[in-house]
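Quick mapping for you: the protein sequence lines, in order, are chains A and B. The first sequence: position 288 = 288 (the working numbering), numbered continuously. The second sequence: position 86 = 86 (the working numbering), numbered continuously.
Treat the hints as calculated values from the structure; they're not laboratory data. Please read these numbers as outputs of a predicted model, since none were measured by experiment. Where hints are given, some of them may not hold.
Said to hold, decoys possible - Derived Cβ-Cβ restraints for the label pairs, each shown as a range:
#1 B:Val186 x A:Leu165: 16 to 24 Å
#2 A:Leu165 x B:Pro111: 46 to 54 Å
#3 B:Ser59 x A:Glu290: 39 to 47 Å
As the list claims (entries may be wrong) - If you want a taste of the chain B side facing chain A, the calculated C-beta under 8 Å gives, among others:
#4 Leu62
#5 Ser63
#6 Cys68
#7 Asp70
#8 Ala72
#9 Gln78
#10 Ala87
#11 His91
#12 Gly92
#13 Gly110
#14 Pro114
Glycine included, C-beta positions come from ideal geometry on N, C-alpha and C.
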Amino acid sequence: MKIGIRKLQILRRTVQISVLVGLFMVPIIARYHNYAASNEIDRVVEKWDGTAAGAMISTLDTAIRLLPGAEHERAGIMQRDTDAAIAYAQQIRGSVWSADIGPLSLTDPLAVAESSLASKKFPWVLAVGLFIPLLATLLLGRVFCSWICPAGLMFEMNDKLRGVLRFLELPPRNLRMERSTKYGLLAAGLLLTTVLAVPVLGYIYPPAVLSREIHDLVFATFDRAEHGRFGFWVGGMSWMTFVFMTIIAIELFVSRRWWCRYVCPGGGLYSLLGTFRPLRVKLKHEKCTECVLCVAACPMGLNPMKNEMGMECDSCGVCISSCNDDALGYAIAGPSKPIAQTSPEAGP
Amino acid sequence: MKEYSRREFLRRMLGNTTRAGVGTGMVYGALEMRESRTPPQGMRGDLGIVRPPGAQIESDFLSSCIRCTDCADACPAQCILFFGPEAGALHGTPYIQTDEKGCTLCMKCGPACPSEALAVLETKEEVSMGRAVVDERLCVSFNGTGVCGACHTVCPLRNRAIIQDHRNRPNVDVEHCTGCGLCEEVCIVRDRRAIRVVSGRFNISEQEQEQEQDREEPERDQTEEATS
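Bound conformation, chain A alone (with noise of 0.2 Å):
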């Protein structure tokens, strides 16, 4: 059990990071198609040896000549086919705000809920895109959060630094604010959004913003790439990156993980849908030795002794893992009700 729940965080490290660089990789498969659309990959190879946008798409050319189908013979030389590469290159495209992987449509339900209040409208090709996120986040709940979400381990990765403060014997402060601000301006992020009749909440939203500056961080450095600068041009990317890391420091100096834990409305949507969700972490009573490891552990700030893991849960399963006598687990349940009466909440 111990040992599986470990492997589980490893797991979910794996796909955390996998998608971050997936961040990276879906702009330069967007070139990669560009180029390979006009023809132009070995002369691009060629042309930019020994710099960044060369490397990239010269390396992704190998990876993709390896699949299946995507070399054929000429002239008695395996060479590129081109058709094939595109096909290849084409399957994947988008962020973590909205994606195509082969045939399957993912977007962000914050999105489809600002497009549809803002248009009035509800097309289905939204529905299409909306299923898959809204049915796992109705079964899962916070999951996003937790496994996907980009902002979400560079947040986790700043936790960490936290520790290296506190060692440094300069403990970082921790401002508490009530849980309720997310839902309050997750309402009036819609309400706006309805009123103006332009999405206003992905402007701010971390995943996005996150997604939009690295797609333009990758795309500039190839336009200068092909006006004979090289190197990665930071350039390129525009103050909302300064935005996301006053988010960064915000939650190294004053308040852990204040943004997951009070102000983002994203993931105020998900809890909202993940409220009545089965899969949930349990406490077993019987076998809790009361060692508060699990509150100390926890990322959303909550107590899992008193049994509260209700709509702020993202199920990310640190809890478990920092568990020393097996008492968390997850199960197959309704939902939870805190054993005692809601106290101010414990932890660090």
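With chain A fixed as given, assemble chain B onto it according to the hints.
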């Protein structure tokens, strides 16, 4: 003169320096903002913003576009660019900078769009992003400084959207022109193109145009009714 201890002196100096720095920064920032009031690249004054093919009318497009990057990832011509946050509500929406790279009408962005901001169109002819307008004073075939015909050669709807006469002078047919901007991209008059795309939906029927105008300005109609 008042005397300070060393600590107090350092503290005050640091505080004043910070205040002066922040103040100067704010003044410079304000000046910088006033200087950089030039519109972002995609906004081209009276010519308007050219949206990717299949885009709804501007107000509907702004509300249903979710600001993802799917259309640019699907575009093989690299013609779809995005507004930055300095463009306000336009932040993250796609546009086509027609003098840099025109749209090749491959029709791949429509199916990629996860909302219906870009509709799925069947044929190239249905696209209506704008119309090309020829500046007869600049065009070398018109003003007699040369013979060109580049725009006619590159036009995806050759001999329908751009018709050429015996002196290679282009004439744009509004009924067919999709506003793809390939003519503007290749125009040999480089500083200010002799053929430029004005955004808008021109090649649809008059009835549809009227319907869209009604949807664009419902408030104005209501206020006019109220005043009359």
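What hint numbers does the structure not satisfy? Hints 1, 3, 10, 13 contradicted; others consistent.
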